[in-house]
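Please build the complete structure, drawing on both the sequences and the hints.
Protein sequence lines, in the order shown, are assigned to chains A and B.
If you want our numbering, it's the 1-based position in the first sequence plus 126.
If you want our numbering, it's the 1-based position in the second sequence plus 1.
Everything labelled a hint here was simulated from the structure, so no lab data went into it.
From a predicted model like this one, the values you see are computed outputs, not experimental measurements.
Ideal placement from N, C-alpha and C gives every residue a C-beta, glycine not left out.
All clues stand as given, with none of them false.
Straight-line alpha carbon distances no greater than 20 Å define the calculated SDA-like cross-link-like pairs of lysine to any residue that follow:
1) B:Lys464 x B:Asn435
2) B:Lys390 x B:Ser273
3) A:Lys496 x A:Ala518
4) B:Lys75 x A:Glu173
5) A:Lys496 x B:His162
6) A:Lys496 x B:Ala161
7) B:Lys251 x B:Ile319
8) B:Lys464 x B:Leu431
9) B:Lys75 x A:Glu171
10) B:Lys356 x A:Ser442
11) B:Lys193 x B:Asp317
12) B:Lys193 x B:Ser382
13) B:Lys251 x B:Glu140
14) B:Lys75 x A:Ile167
15) B:Lys356 x A:Ala464
16) B:Lys356 x A:Glu462
17) B:Lys251 x B:Arg142
18) A:Lys496 x A:Arg424
19) A:Lys496 x A:Glu422
20) B:Lys356 x A:Ser193
21) A:Lys496 x A:Arg446
22) B:Lys193 x B:Ile319
23) B:Lys356 x A:Gly440
24) B:Lys390 x B:Arg429
25) B:Lys343 x B:Asp332
26) B:Lys356 x A:Gly198
27) A:Lys496 x A:Asn463
28) B:Lys356 x A:Asn463
29) B:Lys343 x B:Gly264
30) B:Lys251 x B:Asp138
31) A:Lys496 x B:Ala158
32) B:Lys75 x A:Gly170
33) B:Lys75 x A:Asp169
34) B:Lys343 x B:Phe304
35) B:Lys75 x A:Arg168
Coverage of chain B stretches by chain A, computed from C-beta distances (three or more under 8 Å per stretch; other residues unrestricted):
36) 119-132
37) 359-368
The lines below spell out each chain.
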Amino acid sequence: MGGPGLPCVHCGLCLDTCPTYRVLGTEADSPRGRIYIMEGIRDGELEFDDEAALHLSRCLGCLACESACPSGVSFGRRIEEFRPRLAERTGSTRRWQDLARKAYTSDALVDAGVKVASLLDRAGLGGVRRKVPGLGLLPGSLPGSQPSSSAGVSPLRRSTSHQPLRARARVAVLTGCVADRVLPDINRDTVEVLQRNGIEVVEVAGQQCCGALALHAGLTSDAVELAAANANALAGSDIDFVVTTAAGCSAMLRDYAHVLAGTSAAGRGEELASMSRDICELLVEIGFDAPARPLEARGNVAFHDACHLLHAQGISSAPRRVCEVALGRAPVDLGENAICCGSAGSYNIDHPVLSAEIGARKAELARERKATVVAVANVGCMLQIGQAVALAGLPTLVKHPVQLLAEAYRRSDTGA
Amino acid sequence: MQDNSPRSFAERPVVAPATTQDALQAAPHLATAPPAGSDRRVVDAIREIVGPRGIVDGASARKVYECDGYTLEKSVPRLVVLPATTEETSRVVSVLAGAGIPFVPRGAGTGVSGGCLPLQSAVMIGTSRLRRIRSIDVEARTAEVEAGVVNLEVSRAVDAHGLYYAPDPSSQSACSIGGNVAENSGGPHTLKYGVTVNHVLALEVVLPDGRVIWLDREYDAPGYDLVGIFTGSEGTLGLVTAARVRLMRKPESVTTLLAVFPGVAQASRAVSAIIAAGIIPAALEMMDALVIEAVEAAYHFGFPAGAGAVLLIELDGIAAGLDALAARVHDCCTREGASEVKRAAGEEERALLWKSRKRAFGAMGRLAPAYCTQDGVVPRSRLPEIVAKIAEVASRYHLRIANLMHAGDGNIHPLVLYDEDVPGEVERVLAAGNEILTACIELGGSITGEHGIGIEKMALMPKSFTAPTLAAMEDIRTAFNPRGLCNPGKILPSSRTCVEVRRPRPRGGG
Ligand SMILES: Cc1cc2nc3c(=O)[nH]c(=O)nc-3n(C[C@H](O)[C@H](O)[C@H](O)COP(=O)(O)OP(=O)(O)OC[C@H]3O[C@@H](n4cnc5c(N)ncnc54)[C@H](O)[C@@H]3O)c2cc1C
Ligand code: SF4
Ligand code: SF4
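In structure tokens form, the structure reads like this:
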């Protein structure tokens, strides 16, 4: 059956990897069903009405279906073609578009959100706050992380103490629009880990949000604009790699050749795509030091795969390896690792109930694994799983592998 | 209770003449038709039982249920119901039975014979929300699981205890236990461990009138083996809501060999040689050149270029002696012309080999926009003959046919590649499939090894069975399903009445 890329042969092997199908049980909320609906609309057999839009908009874009599909169907490309039309249709998506636009154009909004969240938390209203779409996800008292008290100050500028004298490589860290403001310690730890391993970290003027938020919200031209700005700023500068800590960003950068195809920035986009690395991927690629004293975790450290690493980029062993080195032993798998946690950008706002239901399963698994820490290499997943374990009343911490590594280095420094 | 006294099939009306039913029969059942106004009361009653999440009545949400893995015939269900418990299922079926409305069970829709195609305006009852693993008894090595539980999930749930659920259809990552029971599904490891019926101990069933019964064969129960009758009945006797299944201990040691042959003929002879040598491999699978091309494109295992056929041979058991057994298999293969025989180096290579095999069906999408999976059986010794026949049919009909076989049990899966857009191609696919299956019967085999009759192969039933045998089958169905309300129009040809099947739509561009 037609559509961009290889045909869907309707085998159904993708069904059970789809988080929305697993929760709802409706074929229209499965990859095979969504493809069928998109083809039906294209062939004029189905109307693109609210109902069809609902089923399509429930897609998390996690791409687990692509990993599962033996026929090589490019689900992501197919749904991407529909995103702008989807955005036009649904009011909630329009609200999200506004939010998304503010998120990548103004730091103030996100900072304000973080501030409100931590105020509510301090007032003992964390439980209520966690149920509010948008605010619920913000870390506030997310176990294991500090609320951002440094709004407006780039974390990059605050940590230069470990800058190596002679560098093995020069990298720029893509600071990200939302991630950087919500969980700034991750970028700070990233810089520290890179520097400790003899990698020079530089700041490149003119870099923007990667554009993934915009693309997902159906704001295609915004996405192209942001991508072009990044490509021109970063691909032209004197660096070896662009490092990201958010999986959605590295996946987006990797896709720049496609996003920028046909524009004047196409060549630079391709170049930038080849320079893009996830932080764990880069560490494993060029080698990194083992801490003298690895972290000693009581109980299990349970590793979860971020969809935009596993499914979008095929990265699975690198973040595990970083955890293993930081801990001195391999983490266990959280279980159902190929299944998305339900985070996915706007999802928490567009489909709060479904998102929470999908997330709740991760808390259940954390309980089953007796996990004291869940390690996952993506900010969005950290927020979502953090919210889920908090709502489930679990004491589980949620950490990025690079945070674990940074903590292990610091522990080794102090000898404590 | 009305009209459940068994009568011969021919005597009774296919559907009871109830007034609601009359109205429903008149309702259009095309893709975009909303549930007819007269449905309202029934729909409301059902909604009351299952709640808003258990009912699918919108146009696009229903349309996606118009076919399963068999895409040559399509029909949109008037309504899809997704009950979450046995009790809900039973109450829904009672409402439908009371209104005389037929229904069709659906699991994951990975079936490849159109088994869950809704005919006669049937309401579809899906098991995708019946997904609890109710209990696991490690000591007794059994598990009670609901019908919608995915096959592979059973093995995952008991993995920590060193146990697994043996029947492993290639669709096991998606298909449901209920669907497995309905189709009596097998898989690569059927050769040594048997099919679904050998691993089901008891079934919880909702009868077509809504009553819930347990069929139990666990302790050599006296009386008829109703579990045996239900397994493989393709949803025509009732709806399975749960099964108690047998779990197996994982073998101490496993080794997998890959043997490369110049052609299918040599590979088939090697299959016979292995069995003749008294060896029963855990699995003995064959893929021909076209299949190898597709899986190589998908999984890059590194099958030797230009291989005409490969055998995948798995041996398992206690570690001692496995090497000697592998050496004997190696000998059999080289003697029949294998150019190369190698053992999977480690668990990772073994897993990749099996992934290639299990996903081979799906990987065919890399070669053609669509394919039709045939499923036939021949006595193992006649494999070379059927393979020659398939090649001849392919060239005569100008079709490409790839061959995938559970060679150990003579179960062949010719995959007929086609493109809906090419005028007349669908017709040629159907005709070619018929010829191949007829040849299977003539060679002393059968028209299905594991995919069932469904809608696809009904016309071939009279070629496979005598009239009295078919009549006996109908009597069995009538006993359980007297009003023909449960999965009407399937398996037995005489019941193919008021079929309202839509031919596939012509594909648009892209
Ligand atoms: C890629 C691929 C590979 C496959 N490999 C194999 C293989 O190796 N071996 C094999 O045997 N089959 C195989 N199949 C066929 C198919 O997967 C099996 O028949 C499977 O058991 C169907 O399960 P399902 O849950 O998808 O059932 P469905 O397709 O939903 O239904 C199949 C039939 O069972 C009935 N049914 C479903 N659930 C119930 C229930 N709870 N109670 C009563 N009736 C019910 C339906 O009415 C229908 O007639 C394969 C299919 C695909 C697409
Ligand atoms: S991308 Fe994820 S949510 Fe969307 S259809 Fe695929 S598996 Fe389902
Ligand atoms: S696994 Fe691929 S080919 Fe099969 S139904 Fe899903 S998308 Fe289609």
